[in-house]
Every structure is written in C-alpha cells, then in structure tokens.
Amino acid sequence: MWRPCGVLDDTYEKDIAIIRTRPQWIITGLSLFSLIFLPMMVSGYVLTTINLTAVCIISALGLNVLTGLTGQISLGQGAFMGVGGYSMMVLMNHFGFSFWLALPFSVLNAGFLGLLFGLPSLRIKGFYLAMATLAAQFMIPWAIIYIRPDLTGGTSTVSIQAPSFFGISLTTQSHIYYVIMFFTVLIIFLVRNLARSKIGRAFVAIRDNDLAAEIMGVEIFSYKLLSFFICSLLAGLAGCLWVIWMGAINVDSFTLHESIWYLGMIIVGGLGSIPGTIFGVIFIRALELFAQFLGPLIASYFPDAIGASIKNGISPFIFGLVILLFLVYEPRGLAHRWEITKHFYRRWPFSF
Amino acid sequence: MLTLQFLTTGILTGGIYALIAVSIVLVYKATRIFNFAVGELLALGGYFCYSLVVWAHFPLWLAIIGAMLMAVIVGALVERLVLRPLLSQPTLTIVMATLALSSLLSGLMLMIWSGYVVTFPRNLLPGKTLIIGDVVMSNELVWAFGIAMVAFAILAYFFNKTKTGLRMRAVSEDHELSMSCGINITLIFAVTWILAVVLGSLSGFLLGNRLGLTPAITPLIALRAFPAVLFGGLESLVGAVVGGLTIGILESLVGGLIDPKYGEITPYIILLLVLIFRPEGLFGLKRIERI
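Residue numbers (the working numbering), protein chains in the order written: chain A, 1 to 352; chain B, 1 to 291.
Treat the hints loosely; a few may be bogus.
[To be verified] With a cut-off of at most 27 Å between alpha-carbon atoms, the simulated DSSO-like pairs for lysine-lysine come out as follows:
1) A:K198 <-> A:K14
2) A:K14 <-> A:K342
3) B:K286 <-> A:K125
4) A:K125 <-> B:K29
5) A:K125 <-> A:K198
6) B:K29 <-> B:K161
Hints are computed from structural coordinates only; laboratory data are not their basis.
Between the sequences and the hints, there should be enough to build the whole structure, so can you do that?
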C-alpha cells in the first residue's frame with residue numbers, strides 16, 4: 001500500500017489502522033462533530049436533500065460491494081430497496097411491530113431475497129447476470145402490486161407511522177436525520193473495513209479473474225452469494241430509511257429507472273472506491289438539483305406546453321449525458337480525480 | 001377454441017417481439033454489445049413515424065421511408081459518438097453506456113413529444129379485421145406480422161447473398177481475423193448499428209400503431225424481447241425469431257387463459273428459468289473460457 005513520506009508503522013496496530021495520522025484524526029473528529037450540529041444550521045429543504053443523499057449513499061455502497069468489488073452487475077438495486085421498505089411497512093402497519101423491531105427483520109428479508117436472485121450467479125456471469133437481476137427488477141414490483149394488495153396496498157401510496165426513540169416521536173426531518181446519519185456513518189465504516197478484510201480481497205479476486213481466484217482457493221460461489229447478500233442487505237436498510245424519510249411508501253419509487261441511477265452513481269464516483277461512491281451520490285444528486293433549477297429556466301423561453309415537457313425531460317437527459325461523458329473521458333470516476341488532487345497536494349511544490 | 005384464438009394473437013404479437021429480438025442479436029453478434037437502449041431507439045423510430053404522419057401529413061408509405069432515413073442517421077450517430085469510443089471495454093462499461101443512452105433518449109423524447117400517450121390515426125393500415133372460423137385477427141397485427149416476415153426474408157437474403165452481409169457474418173465470427181482479411185470493421189460496426197436501429201424503428205411503428213407511444217411505457221414493452229433473445233440464444237438470428245414467437249405465444253396464452261396479470265410477468269419468469277437451466281439458449285454457442 002502506498003504511504004506518504006514520514007508516516008512509519010512500527011506496530012501492527014498502526015499498520016492496520018484506518019485513520020493513521022493526527023491530522024486525519026482531527027479532520028474525522030471535526031467532521032463527525034459538525035454532522036451532529038448540521039440540522040441546527042441548515043434549512044428544512046436542504047436537510048431533506050441531505051437525508052435523501054445519505055439514504056442513497058447506503059444503497060450505493062451496497063451496490064458498490066456487489067458491482068465495484070465483486071464485479072457482478074446488478075440492475076435490481078431499486079427493487080431490493082422496495083423489498084426492505086415494504087417489509088417494514090407491512091410489519092409496522094399490519095403486525096404492530098415498532099420501527100426498531102421491524103428494522104432487522106425487513107433488512108434480513110431484503111438480504112435473503114437478494115440471495116435468491118443471486119443463485120443464478122452459480123452458472124452465469126457478466127451480462128447474463130445483469131439479465132437475471134433485471135428479471136428481479138420486474139418480478140418484485142409485480143409481486144408487490146398483485147400478490148397481496150390487501151397488505152401492500154397495491155399501486156396506492158401507504159403512509160407509515162413515525163418511529164419513536166425512548167418516547168420521543170421522530171416526526172421532523174431533523175429527528176430522522178440523526179437516525180439516517182447514524183446508519184450512514186456506521187455503514188461507511190463497515191464497508192470500508194470489509195473492503196480490506198479477507199472477504200473483500202476475495203471479492204476483488206473474483207472481480208479480476210474468477211477462474212484464477214477459484215484455482216487459488218477462493219470459493220467463488222459462496223463469496224458471490226455473500227456479496228449479493230451484503231448488497232441487498234444494504235439496499236433493504238436504505239429502503240427502510242427511505243420509508244421513514246418519506247413517511248409513506250409507493251411502488252413507483254423503486255423502478256428500473258432508480259436502479260440505473262444507482263449504477264450511474266457508482267460509475268461516476270469510481271467503481272470499488274468508498275469515497276468515490278460518496279462523491280458519486282452527492283454529484284448525481286447535485287446534478288438532479290441543477291436540472292430542477294435549469295429546467296424552469298429553459299422552459300421560460302418556450303410556450304407553456306413545450307416548457308412543461310422540457311422540465312420533465314431535462315433530468316434524465318442530463319443524467320444520461322453525464323454518465324456517457326464519464327464513461328468516455330473519465331472511466332475511473334471522481335475517486336481517481338480525488339487521488340490526483342491528494343497527490344498534487346502532498347507532493348507540492350514538486351510535480352513528480 | 002379460445003386457446004386457438006390466443007395462440008393466433010400470440011404468434012402475431014410474437015412477430016413484433018421477433019423483430020426487436022433480431023435487432024438486438026444483430027448488434028450483439030457483430031460487436032459483442034448488448035443493446036439495453038433498444039426500447040428507446042424503437043420508441044424514437046415510432047415517434048419519427050408518428051410526427052411525419054400526424055404533424056407533416058405524409059402518406060404512410062412515405063412516412064415509413066422517412067422514419068427509416070432518420071433511423072439511419074440516429075444509428076450512425078449512436079455508433080460513432082457512443083459505442084465507438086468504448087470499443088473492447090469491459091462488460092459493465094458497455095452495459096452502462098447503453099443504459100445511459102436509454103436515459104438520454106428517453107429525456108429527449110419527453111422534451112419533444114411530452115409524456116402523454118400519442119396514438120396513430122385509426123385505420124392507418126388498409127384492410128379490416130380478419131375472421132377465419134372462430135378466430136379473430138386484427139388487421140394491425142396481421143400487417144405487423146407480415147411486415148416482420150418480409151423483413152426477415154430480406155435479412156436472410158442480405159446475409160447469404162450480399163457482400164456486406166457476408167462481411168458482417170465474418171466480423172461476428174472473429175474481429176481480428178476479419179480485419180486481417182481486409183474488412184473495414186468500423187464500417188461494418190456502423191452498418192450493423194444502422195441496420196439494427198432501422199429494424200427497431202420498424203417495430204416501433206408497428207408497436208405504436210397497435211398500443212400508442214409513450215416515452216415511459218413503450219421501452220418497457222420492448223424489454224420483453226430480452227427473454228426472447230436469451231431463449232433463442234444470443235448468437236443466433238433464427239433463435240431470435242423462434243424466441244420472439246415463443247414469448248409472444250406464451251404471454252398471450254397465459255394472459256388469456258389464466259389471468260392477464262400473469263401474462264405480464266411470464267416473459268421474465270421464462271427469462272429467469274432460461275438463465276438457470278440453459279444460459280446459452282436454444283441455438284446459442286456454449287462459451288469455453290481460458291485463463
């Protein structure tokens with residue numbers, strides 16, 4: 001691993017530490033501290049956006065474990081979020097579970113369903129697997145709509161009670177913020193560690209060459225399934241948090257379109273990179289806000305009817321364009337740019 | 001009797017699916033790119049045709065020719081601007097590129113034609129509903145099936161007799177080998193994409209004439225051709241036709257005899273079963289991998 005000059009590891013603990021130097025500790029501490037006070041400083045709209053971004057980070061990290069680390073393409077992330085969210089809604093509304101009790105069950109439910117759709121990865125890979133997850137993306141919303149509409153509400157929107165925490169009802173966005181941010185920081189920490197553990201290295205070995213990995217003693221099938229499990233587990237968690245963020249659930253929030261956006265986020269961020277994923281999610285969300293701002297601006301130059309269609313179409317248009325530009329010009333994503341910036345700063349004033 | 005009716009409808013609808021499937025297989029064979037944007041390209045072709053018929057008041061035959069010409073331009077642009085810079089990239093990049101293309105095109109369609117359903121004028125195609133015995137066949141579907149079959153006949157001639165067709169088959173066998181035989185493979189890639197987009201536009205018109213066009217729904221209908229492609233085998237044009245017809249028939253039979261809501265999901269259940277039990281499909285080649 002690459003080390004900056006002057007940072008010496010004289011003990012094993014220092015060698016495996018994530019946060020290595022005093023400045024890093026200070027930065028980490030300060031940023032965690034400022035996360036606590038963030039809701040008091042920003043307006044409601046900004047906070048809602050931050051919450052949504054944090055939920056997306058969890059889901060995108062899950063997809064990054066599967067696609068970025070293990071190299072398996074999934075087009076079903078949106079559907080697995082839906083599984084988490086709907087399990088939570090059904091458990092809370094029809095079985096009287098509290099949020100905290102329903103959470104682990106819903107997350108596990110999404111995880112095991114993901115495992116089920118990961119089973120074809122025994123025989124197929126690459127683009128065929130993308131097809132299997134595409135089937136999941138169509139079958140899961142179909143099942144939500146048609147199998148038990150009395151429980152899931154079919155295509156209609158079902159609202160959900162706000163969770164409570166030791167007697168405090170978490171109704172406002174700033175309350176929800178702490179729940180979401182706790183899980184986001186936790187998941188970032190866990191995935192960061194996963195990536196450099198034995199499991200993470202097995203994932204990377206499978207991504208780089210699965211036959212070679214198997215010959216070297218990595219059990220491909222069980223690791224692939226584990227990767228699917230982790231991915232849909234995180235998708236399920238993101239789905240649950242999405243539900244309490246919205247206060248309601250609708251099957252239209254979990255379409256193929258969403259799954260493509262998550263793939264786009266990790267591509268823009270940089271495959272297999274955890275800071276990259278976070279950058280990617282923030283970048284794409286910012287892009288969406290930009291499109292929402294740009295749409296009415298362009299629309300005001302056109303007659304009403306055309307203007308309205310431009311407002312609808314501009315967001316997918318810009319998204320598609322940006323992903324294509326990234327694929328052609330910066331396939332390693334924002335994470336690579338971040339590394340270049342860091343190196344520039346460390347080596348300054350020398351250019352090598 | 002009802003079974004026969006649904007079987008007929010299924011075969012006729014299957015013709016459209018087969019056309020879409022052939023468009024996917026063409027591109028896959030030549031360039032190893034699976035085109036996830038096929039639904040949007042198809043809807044775009046349908047919209048071109050719609051605009052020429054409804055906005056410009058062209059006669060239908062002229063509108064179809066016009067839409068084909070626009071499809072040629074779109075196909076060439078897609079190949080040149082999107083796929084050529086990404087030649088021989090990993091699968092994920094290619095998949096994501098076509099997905100991004102689909103997002104871009106659907107945004108474009110939303111901007112130009114708005115999100116509402118547009119329908120072609122009624123009785124655009126001559127003839128009226130055919131009734132043979134107890135079986136009813138709508139003239140739109142019969143036309144769609146007929147046009148699809150004519151397209152397949154032309155394709156078969158193209159691949160077996162013309163020089164470009166033979167070159168395309170050579171390129172799909174081996175890129176480097178065909179290059180060393182003096183085939184300009186970038187040109188062949190461009191021709192392949194143009195051909196695929198033209199076929200897609202044709203099926204877009206046929207689909208739009210039957211069900212109407214929206215930027216959100218039409219591509220999803222086209223996605224039902226994916227199971228058809230995998231069922232028949234990715235490398236086989238015959239397989240694409242057989243797969244398309246099979247998916248059409250099964251969807252119609254299940255939807256008609258059991259429940260319409262099961263008909264909708266049948267193609268994807270077939271897709272999953274094919275992937276688990278016979279990933280290479282009926283006529284596909286089994287890939288042997290070396291390290």
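Item to complete: Could you tell me which of the hints above the structure violates, numbers in ascending order?
Response: none
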